[in-house]
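Listed here are the chains, written in short residue letters.
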Amino acid sequence: MANELLAFARGPLFYACLTFFLFAMTFRLFRILLMRWQKDRAKPKGSAGWGAVKSFLKAVLIFPFFPGLKGLPQRSTLVYFAGGIFHLSLFLVIFFESAHILVWKELIGLTWDPIPSPIIDGFTAATILALIALAINRMTNPVLRLLSGPASYLNLLFVFIPFTTGFLMVHHLISPYSTVFAVHMLSVDWLLLWIPSSRISHFVFYFFSRAAHGAEYARRHAEP
Amino acid sequence: MKFEPKLEESILAFLHKTKISRRDFLKGCSFLALSLGLDQVEGIAKVAMAIATKPRPPVIWLELQDCAGCSESLTRSQNPLLSQMVLNTISLDYHETLMAPAGIQAEKSRQDTLREYAGKYILVVEGSPSPKDNGIYCTVGGRSNMAILEEAAAGAAVIVAVGNCASFGGIPGASPAPTGGIGVREALPGKTVINIAGCPPIAEAITNTFAYVLVYDRLPRLDELGRPTFVYANTIHDRCIRRSFYDAGKYAMGFDDVRARDGYCLYMLGCKGPTTYNACPTLRWNGGVSYPIQSGHPCLGCSEPHFWDRGSFYAGQSAPLASPSGTIAAIAAGAGAAVGVGSALLARALSARKEKEEKTDGE
Numbered sequence: 001m002a003n004e005l006l007a008f009a010r011g012p013l014f015y016a017c018l019t020f021f022l023f024a025m026t027f028r029l030f031r032i033l034l035m036r037w038q039k040d041r042a043k044p045k046g047s048a049g050w051g052a053v054k055s056f057l058k059a060v061l062i063f064p065f066f067p068g069l070k071g072l073p074q075r076s077t078l079v080y081f082a083g084g085i086f087h088l089s090l091f092l093v094i095f096f097e098s099a100h101i102l103v104w105k106e107l108i109g110l111t112w113d114p115i116p117s118p119i120i121d122g123f124t125a126a127t128i129l130a131l132i133a134l135a136i137n138r139m140t141n142p143v144l145r146l147l148s149g150p151a152s153y154l155n156l157l158f159v160f161i162p163f164t165t166g167f168l169m170v171h172h173l174i175s176p177y178s179t180v181f182a183v184h185m186l187s188v189d190w191l192l193l194w195i196p197s198s199r200i201s202h203f204v205f206y207f208f209s210r211a212a213h214g215a216e217y218a219r220r221h222a223e224p
Numbered sequence: 001m002k003f004e005p006k007l008e009e010s011i012l013a014f015l016h017k018t019k020i021s022r023r024d025f026l027k028g029c030s031f032l033a034l035s036l037g038l039d040q041v042e043g044i045a046k047v048a049m050a051i052a053t054k055p056r057p058p059v060i061w062l063e064l065q066d067c068a069g070c071s072e073s074l075t076r077s078q079n080p081l082l083s084q085m086v087l088n089t090i091s092l093d094y095h096e097t098l099m100a101p102a103g104i105q106a107e108k109s110r111q112d113t114l115r116e117y118a119g120k121y122i123l124v125v126e127g128s129p130s131p132k133d134n135g136i137y138c139t140v141g142g143r144s145n146m147a148i149l150e151e152a153a154a155g156a157a158v159i160v161a162v163g164n165c166a167s168f169g170g171i172p173g174a175s176p177a178p179t180g181g182i183g184v185r186e187a188l189p190g191k192t193v194i195n196i197a198g199c200p201p202i203a204e205a206i207t208n209t210f211a212y213v214l215v216y217d218r219l220p221r222l223d224e225l226g227r228p229t230f231v232y233a234n235t236i237h238d239r240c241i242r243r244s245f246y247d248a249g250k251y252a253m254g255f256d257d258v259r260a261r262d263g264y265c266l267y268m269l270g271c272k273g274p275t276t277y278n279a280c281p282t283l284r285w286n287g288g289v290s291y292p293i294q295s296g297h298p299c300l301g302c303s304e305p306h307f308w309d310r311g312s313f314y315a316g317q318s319a320p321l322a323s324p325s326g327t328i329a330a331i332a333a334g335a336g337a338a339v340g341v342g343s344a345l346l347a348r349a350l351s352a353r354k355e356k357e358e359k360t361d362g363e
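Taken in sequence, the protein lines are chains G and Y.
First residue of the first sequence? That's 1 in our numbering, and the numbers climb one at a time after it.
First residue of the second sequence? That's 1 in our numbering, and the numbers climb one at a time after it.
Because the hints were derived from the structure by calculation, they are not lab data.
Fair warning: there could be bad hints in the mix.
[Claimed, not checked] From the structure, some residues in chain Y lie toward chain G, with a derived Cβ separation under 7 Å: (1) Ala177; (2) Tyr251; (3) Ser343; (4) Ala344.
[Unchecked claim] Part of the chain G face toward chain Y, derived, beta carbon under 8 Å: (5) Arg10; (6) Ala16; (7) Phe23; (8) Thr26; (9) Phe27; (10) Asp40; (11) Arg41; (12) Lys58; (13) Leu92; (14) Leu110; (15) Thr179; (16) His202; (17) Phe203.
Backbone N, C-alpha and C fix where the C-beta goes; we use that ideal spot for every residue, glycine too.
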């Protein structure tokens with residue numbers, strides 16, 4: 001029974017969810033890109049293109065790794081470190097965990113060497129703890145609590161489930177393996193449906209918004 | 001010479017005829033006792049007593065849509081005691097590959113056994129039944145496989161499905177399944193069927209199941225798929241010889257790389273061990289010599305239902321099933337882009353019109 005469910009979750013259901021994900025993400029992207037942007041009639045003071053590139057590079061490669069530049073840790077230590085570990089290990093687990101490399105191999109035909117499991121394990125465990133810490137922080141911080149709706153907590157939960165089931169599955173901490181694997185795949189399938197309409201979609205749109213901000217700032221000669 | 005199996009004839013009497021030595025007899029009993037999870041002293045005595053005193057069971061071995069690989073596996077059992085007993089019983093009674101008679105004589109032999117030992121014989125089925133189109137895709141002696149199976153099952157004391165085809169449909173049941181192969185359990189609703197899954201099953205999985213029924217006079221405990229738990233309780237991965245490499249994250253990335261030769265885990269080469277329940281790493285094959293993973297090949301998952309349709313053997317346990325379609329992905333992304341552009345242009349037009357109307361109203 002568990003194997004049947006697993007075959008469905010990693011077979012037709014996965015492809016249906018992936019197809020929806022591709023459709024919904026490109027829909028949202030073009031919907032935003034072609035919005036009726038307000039025209040800036042002032043004479044540009046700098047290159048918008050270069051501003052976009054500079055802002056993009058700063059936001060992705062410099063600010064997260066040189067915290068002193070923006071004073072981020074001082075503003076919220078927990079969010080900076082827990083969020084940082086979470087994003088870094090999410091990237092490593094998705095692209096360099098052995099089982100996930102097999103997924104990429106099947107999807108795009110390319111394969112590469114995995115990061116050794118003990119290292120991935122450490123990142124995964126840190127991520128699970130980081131997610132719990134971020135959830136507690138969101139519930140206890142008065143400002144964050146005010147800003148949070150149900151979707152804010154669900155975003156954390158829907159990422160927490162595949163991470164946790166993946167960890168339990170790899171280490172065979174809960175039997176049977178097939179059942180945990182099936183739950184893992186179902187949670188991933190659900191995430192593919194959830195992402196386009198949630199703030200998790202920022203893993204695609206963030207780069208566009210950074211570029212847009214950079215272009216805007218450069219035109220006005222402001223430093224992002 | 002026609003062999004007439006007699007229920008009154010004890011297994012021991014039969015074994016005496018084969019001139020088995022006391023030493024070999026006890027060795028066989030010890031092996032059986034340990035395979036069944038019995039202790040060394042009382043267990044061996046129990047098995048020895050059962051074999052010495054109980055009548056030799058008549059066995060009817062039907063071959064439906066099969067390749068006879070399961071029979072081949074049985075003949076390579078490392079436990080000659082039971083395999084000889086089973087083989088010598090069935091080979092002269094009814095087994096299409098191994099029996100001496102052919103044609104009408106063979107069919108008569110089966111009919112005689114069915115009549116004479118009604119309610120007492122063990123029915124073994126190898127290969128998948130094919131009920132599609134009234135069973136015309138598999139006929140023996142002009143009769144459909146389903147008619148033969150139902151007739152034999154009616155008077156069977158125990159029904160054993162040997163191999164993945166008989167257990168779950170196997171290769172004849174794999175997509176597109178032109179002959180509509182199914183498992184014996186599905187073909188005989190309401191009947192209890194022991195599934196000795198595998199392609200083929202390990203010989204000892206077959207013989208030890210017979211031994212269990214013989215020693216205990218009851219069916220072994222079965223899992224949800226009808227497989228005896230004393231063989232199929234653990235996954236290949238649970239007992240794998242390369243498990244420590246998996247835990248350490250050391251994987252072979254190709255069949256010819258140095259890591260494969262050094263015995264690293266074959267997970268990245270498509271091993272299905274984590275979801276496959278079987279005793280290959282413990283019972284092993286060819287007299288306990290080796291098993292596929294030990295020999296350098298990933299597990300195919302052959303003791304699980306529909307293993308032939310669960311993606312490529314080399315695609316990996318975690319890979320999505322079936323081939324991904326780049327065309328569908330491109331269509332989905334293209335449709336998303338088209339709908340997004342259309343939606344944005346419509347919103348822009350509506351916004352512009354609203355602005356114009358507001359402007360006109362203001363004037």
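Hints versus structure:
1. Ala177: Where the cut-off is 7 Å and the nearest Cβ of chain G is about 16 Å from Ala177 of chain Y, the hint is violated.
2. Tyr251: Given a least distance of 6 Å, the restraint on Tyr251 of chain Y holds.
3. Ser343: Nearest chain G Cβ about 5 Å off; hint holds.
4. Ala344: This hint holds: Ala344 of chain Y lies near chain G, its Cβ roughly 3 Å from the closest one there, short of 7 Å.
5. Arg10: The hint holds - Arg10 of chain G has a Cβ within 8 Å of chain Y, the shortest such distance being about 5 Å.
6. Ala16: With a closest approach of 10 Å, the Ala16 of chain G hint is violated.
7. Phe23: For Phe23 of chain G, the interface hint holds, since the closest Cβ of chain Y sits about 4 Å away, which is under 8 Å.
8. Thr26: With a minimum Cβ separation of about 3 Å from chain Y (threshold 8 Å), the hint on Thr26 of chain G holds.
9. Phe27: holds (4 Å)
10. Asp40: violated (17 Å)
11. Arg41: violated (16 Å)
12. Lys58: violated (28 Å)
13. Leu92: violated (13 Å)
14. Leu110: violated (13 Å)
15. Thr179: violated (10 Å)
16. His202: violated (17 Å)
17. Phe203: violated (17 Å)
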